[in-house]
Structures are given as structure tokens and as C-alpha cells.
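Chains A and B, in that order, give the protein sequences.
Just so we're aligned: 163 in the UniProt record's numbering is position 163 of the first sequence, and the numbers increase by one with no gaps anywhere.
Just so we're aligned: 277 in the UniProt record's numbering is position 277 of the second sequence, and the numbers increase by one with no gaps anywhere.
Each hint should be verified, as a subset may be incorrect.
[Said to hold, decoys possible] Here are the simulated lysine to any residue pairs, SDA-like style, with alpha carbons at most 20 Å apart:
1. A/Lys67 with A/Ala83
2. B/Lys184 with A/Lys55
3. A/Lys184 with B/Leu417
4. A/Lys244 with B/Lys311
5. B/Lys148 with A/Arg35
6. A/Lys423 with B/Asp222
7. A/Lys244 with B/Leu152
8. B/Lys311 with B/Asp188
9. B/Lys285 with A/Lys55
10. B/Lys423 with A/Gln217
11. A/Lys184 with B/Lys423
12. A/Lys244 with B/Val248
13. A/Lys55 with A/Asp72
14. B/Lys311 with B/Lys423
15. A/Lys244 with B/Arg145
Hint data in this document are derived by calculation from the structure and do not stem from the laboratory.
These figures come from a predicted structure and were not determined experimentally.
2 protein chains.
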Amino acid sequence: MDTQLRSFLTIAADSDFSIHNLPYGIFSETKDGVRRAGVAIGDKVLDLAALEEAKLLTLTGGPYFNKPTLNDFIESGRDNWTAARSQVQSLLSAETATLRDDEQLQAKVLFDQSSVCLHLPLHVPGYTDFYSSKEHATNVGTMFRDPKNALLPNWTELPVGYNGRASTIIVSGQDVVRPSGQIKPNADERPIFSACRRLDFELETAFVVGKPNHIGQPISIDDAWEHIFGMVLLNDWSARDIQKWEYVPLGPFNAKTFASSISPWIVTLDALAPFKTDLPVQEPKPLAYLREHNSDTTYDINLSVEILAEKADEPTVVCNTNFKHMYWSMAQQLTHHTISGCSVQVGDLMGSGTISGPTPDSYGSMLEIAWNATKPVTLSNGETRTFIEDGDTVIMKGYSEKDGIRVGFGEVRGTLLPALDFKFMN
Amino acid sequence: MDTQLRSFLTIAADSDFSIHNLPYGIFSETKDGVRRAGVAIGDKVLDLAALEEAKLLTLTGGPYFNKPTLNDFIESGRDNWTAARSQVQSLLSAETATLRDDEQLQAKVLFDQSSVCLHLPLHVPGYTDFYSSKEHATNVGTMFRDPKNALLPNWTELPVGYNGRASTIIVSGQDVVRPSGQIKPNADERPIFSACRRLDFELETAFVVGKPNHIGQPISIDDAWEHIFGMVLLNDWSARDIQKWEYVPLGPFNAKTFASSISPWIVTLDALAPFKTDLPVQEPKPLAYLREHNSDTTYDINLSVEILAEKADEPTVVCNTNFKHMYWSMAQQLTHHTISGCSVQVGDLMGSGTISGPTPDSYGSMLEIAWNATKPVTLSNGETRTFIEDGDTVIMKGYSEKDGIRVGFGEVRGTLLPALDFKFMN
């Protein structure tokens, strides 16, 4: 990585959005203003639609950026991803005069991040959620099934996953209404209709599919990385009591479909490349279709979760973990997803599953952090939590850092609103 | 129903596509020709795009029909559904001169069904599959869990469902490649990579969402019917051996995501209205949010499955059943789906789950018909089947009939192709 690369813009040393990052998002100047593509740089947004119109970007095909989602740009292919990254990096470089020395142009294409609205960056045709943290799967299995056989037999053989609900993928900042549904507080009685009483977050990342495959034509493990555009942070909100009652035998449904929040900036795999690291040792060795040739097929990404209570002045960090703990790689997830012939589409999101590390302070959900409500967490203002309360804001952050260079995701945040007041009773 | 209503066209008495039906589809004159909306009438297709252009349809907004999917028309709302149905019915009526007496116009707007190509009629943003046949759930529970407790406790309390994969919804006539993946033939050994050895169909119907809801705003049971546009037949192809190994704890994934076939014509609820019938008695009485005011909230629809072996001259009927056996109504499914705040979108498909009746000849999957491969079925050419073989074509049909009036779905058919020849081994 070119550690000498500098921008003409002043960028704080701890900014997630260094010139090495250049993540893509969709923004507008006002709430109902024109949505178009931008790149985050320091505390600014660079307007790609304006650059494209000014003919300062030279891509094949297009135009791509004066659009309300990034799908068309992503679909245009890897050559364009590389070209756009390199051209934007050059335009922002301290060595390039074009934008550096043109204040009028700067005024036209650079906006304060704090002044713009960020939107869902993608049309998401499909959403899949994996379950690829060994620690998380072990913790859940220990609590709800059998501590001696916490991991189910298929877990070490394949990246377990399930289809999620794409229609309720929302962007950071959008509030979440506490869901209602069937819960069963008493084993000997019928279920009741109630607001969820065990509302949880799940700290995840998700990758964005950048290249589709055809139905009946699986993506091989050797090709899988070419199909991935980038990554976002994901809070896979979960209603634990609804989930417990509904999920056998066909998996989670209403417990997960009410909302899943993603961060607004898509960090490309190109930006994350310097932070590649080894996947944990996989034992048993995966079947051939899941075997990668290289070992450095995951990324060193620091992740954290904070809870900001409605009446608190500052958030409390409840989790610090790292993406590198994940057992299955993103390429393995994608290959397994398509091995039966399933097709994926540009903009599909593939969630990692809850990212839990090996120690209690690195667990990625309240279910695990407060160990099934037996170990309440104390917040900075003295309140305690076993699950998320109305008015709480959950904030997830992520960044990679190496040799003084930082590439971050910013954050995904969401505030929990009270449940609806249903008129009907049980 | 107006049993005197007749078309000026000659329509066979056993045609699914009487003037009382008028289902919507998407067709083109050649494989790569312009896709547009049509209505099936007898053995013809009526070109709605041409009628619209000729100003013979008067709808609010539009144009709607010179498009490759029906989504825009459906999204335009119930008033337009009613108006289009009534105007098309009038144009096709023996009492109306407009089309009847204009041979030039007929030549322009009527095509032989046998000469056109039929396409996926919808863009399907989301696909959900329910599990609402008590007989099917009981059969599966008896085979794979505990015959004494075949139905899980949640089954009679809520319409169990899971998110499916929308990207692999295909239209009748499209071939299906036998999927490969992980199966575990020997309980004491590791899984192997293999072509599926237990390839099954599932006889289902699906309803089409015609009106969306907003995230966080459930659809009440009283409003649910207003959100449903119509129904199709659905073959939810299933890989039983892949499913058995993968599905605990998060539900079916690769076993179902390789293909789900639907019939090309969407039969509207308006056309099905005369065939309303009582839902089975629900005991225990559902929680209030799932309670309907009327009892006639299902439909009397005869359903069948045929297998046509590659070397057979004629298909063999392996199942005769009826939609009216389903325990949960479509309104209950939709209300439950959204009760947590999940949003649905126009074009979403909601599968019924396998439709099995009370007797072995009415079971809706090979798993049940051949009772977990213990009771092979003999086909008309003497071959036997426990699951579907390469080269087999599976044909599902459905129709309602009452007072001499028939409203049918046509068919959904698909041929199973051999598995891919994977170069890698275990």
C-alpha cells in the first residue's frame, strides 16, 4: 500500500474515510433532494454524479452516478470499479491539480457529510444471513440446546445460512419499531400476542454481490472473490422471544424480518486488501468445493457496539471484537450459497452472522453479552440492560488499521421506538 | 355469477380459460420478441398492450400493458383491477360488437396460445413459503420426528413460514438442473459432495401481493384480502437429502433455492370468488390478530400432479387434492407475515406450502406419496418412482368448477435435467 498517498483535503488521522478508503454511498443535499452517488473522504462527500457530468471520470459505459442506487455502477463490472477508484484517488490526491486548485469545482463537488442525507446505497434484490461465528453458534447452542454438543454436526462442514427478508433492509439512522407477535412466556400455556420483550441486536458485516451468476451455474471457490464488490456493517435486529417460539422447524421469520440496518458507505474489497489476514484453521478440512488456495482470505476489521440510552449523555461500549474471528470466509459463503444452482444478483447482501469473539466482552449480541438475561450490563449512566430498551440507540462501528493507515466503515446506528398500540387483544 | 355470460369466441367446455376467468400473463410472439401483458381466453391470448394502444381499455393512469411484467398494473390498485376485468369481459362477450365484428382488430389482438412464448409474469421482489397443510406437516413430522407428536406445538398457533429465494422463481416450461451439494448418506461418516439423490416436487399454490404495506405497519386481518391480487400454481422443487443435512437450526436453504416454478397465468381473486368455501375448523381458536370474521375464506380448487417419464408416452397422475384442505387462509398468512412490522411489496409471492389431502392419493410430494421411499409409485409405462428421475417432467394443474363454470390455472410444468458434471471431488 502506498503510505505516501495524501489528499489535498485535511483528513483527521482517526478518520475512517482516508484517501485509502473511498467508500461509495448515496446522498442528497436535502431529505427529498436528488439522490446520487458519492464517495466519503474525511468529513466530506465527493459528488460522483457531478464529477461524471463534468467529464472528470472516464468509465466504460454509463452514466452511472446520477442515480438513486449504486447497482448500475456495480453491475458495470470490475474494470470500472478499479478505474473509478483510481481516478477518484487521483482527483483527491495532493499531487493532482484538477480539483486541488479549482475552488469553484470544489464548491460544486464537495459537501460536508454532516449536512447531507445518506440513503440506502443499494437496491437489495436478495438478503441472506449466514451464521459463521463459531463462538456465537457455540454460545447459542450452549444456552438453548446442549452445552456438551453446542455446535450442531453440520456447522463445521458448511457455512449455515438462511434467506432473510430484503424488503426491510434499512439504512443507518432510520428508527426501528419494537415488533409485536406471538411469544410463549409460560411453557404450559398457549402463546400470547405481545410486544417483543427480548429485543436484541446482532453485530454483523455483510458483503455486497457485484457480479451475478446464472441459475444452475454455481460460482466456484476460485471465482467467488470476483463476485464481491464490498462490505457494510449490519445490525440484524432480533426478537429473541418471538424467535424461540417460531423457529422450529423452518428457521427464524418474524423475529428477524422487521428490520435489518446497514451502514451507508460500502467499503470496497480493494480498499480492504491491505488488511487481509489468515482465516482460522478449519478442522475438519472442508470438502473440495469449499477449499481455498490461499489462507489469507479474511480481513482484520475491528468492530464495536455501543448502547446510548435515551437518558444517557454518552454511549457505553458493550462489545469489542474483530471480523477475523469468523470461521467461514465470504468466498466460502458465496460458493456454498450457489452450489445447488441458486443465482445471486447485483446488490444482494450476504450477512456474516453475529460476530462474536472468544471472550465475553467480544460477544456480538445482548443474548450472549448478558448471557440469556442472567448477567445484566451496566451502562455509563448506571442503568442496566439485559436486552435493548425503548429509546436506546445501538451504534456499531468498524475499521481496519495498519502502518498508520486507516480504512473504516463509519457506523450503523438505529434507535428503538416503542411497540405499536394494538387495538386487539388475545 | 352470471352463468349466461358467453364469449363470441369458441371456448371448449373444459377450458381453464373461460370468460369467467381472464387470468393475466406476459407473452411475446417470438422468443426474443416484445414482452407485454395478455389475458388467456380459451386457446387464445388477448393482447392487452394492443387493446390499450387502441384505446379500448379505460384505466386510471397508465399505460400499463406494454411492459415486461405486470407489476405496474397490479400496483395501480384495485379500482383498475376491477375496471380491466370488466372491460376485457365486455370486449370478449358475445353481446359486444367492438371486437366480435371487427376481424381486422381480432387479427391484431388475438394470438394462438400454442404459438406464443409465455414468460415470468412478475418481477418478484420477495418470496415466502408457508407450511399450512396440516396433513403435510403431520406426514413429515411422522416420518422424520415423532409420530406421536408429529405436529410441533407452534403449528396450530401460527402459519409457520420462512423466507425463500426470489431470484430463482422461474416460469413453467423452464428446465431445472438437478442440484448438487452436501448430503450425508452415512450417519457415522462425514457428508459427501454429490448430486441430489432425493429430488422432489412440492405441489403448492402461491398468492401475489397486490398492495404493499410500510415497514412497521402490519396489515390487519380485516384488510388482508385487499392486499392480494391473485394466485398461481407453484412447484417448490426440493432436494430432500440436502435439506435433511442442512436445515437444523435455521431452516431449508440450498435444498430449496435452486428453483421454484410457477404457472404463467395469474388467476385473480375476483375470478375465484364464486368458488369460496369454508376454511377447516381451527382448534384452538387463533389469537385475535389472526381471527377472520367470515368462515368462507378459502377456495375450492382441484389440484393434481402428473409425472411424464422421458420414455413414457403419457403422464401418470400421482396426486389429486384440493386447496380447500389448507388449514391457514391466505389472509392469515399475510397478516402473520407482517405482524412484526415486515413490509411486503407488489409482486411478492407467498407459497401455500405443500398441499396434501387426507388420503395417500392426495399427498402433494413424492416424499409423502412414496412414504420416504418405502412405497414406490408405478408409472403408466411400468417404471417406478420414489423420487423424480432425470428426464422426468412434473406437471401440476388446478381448476375450480361450479354450476358448469370453470376457472382454471392451466399448468406449471418443468423437466429435470441431469446434475452438472463437477470437476472437483470430495
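Checked hints:
no.	hint	in the structure
1	A/Lys67 with A/Ala83	holds, 19 Å
2	B/Lys184 with A/Lys55	violated, 57 Å
3	A/Lys184 with B/Leu417	violated, 45 Å
4	A/Lys244 with B/Lys311	violated, 49 Å
5	B/Lys148 with A/Arg35	violated, 58 Å
6	A/Lys423 with B/Asp222	holds, 13 Å
7	A/Lys244 with B/Leu152	holds, 13 Å
8	B/Lys311 with B/Asp188	violated, 38 Å
9	B/Lys285 with A/Lys55	violated, 66 Å
10	B/Lys423 with A/Gln217	holds, 13 Å
11	A/Lys184 with B/Lys423	violated, 49 Å
12	A/Lys244 with B/Val248	holds, 14 Å
13	A/Lys55 with A/Asp72	holds, 18 Å
14	B/Lys311 with B/Lys423	violated, 29 Å
15	A/Lys244 with B/Arg145	holds, 19 Å
In summary, the structure is inconsistent with hints 2, 3, 4, 5, 8, 9, 11, 14 from the numbered list given earlier, while agreeing with the others.
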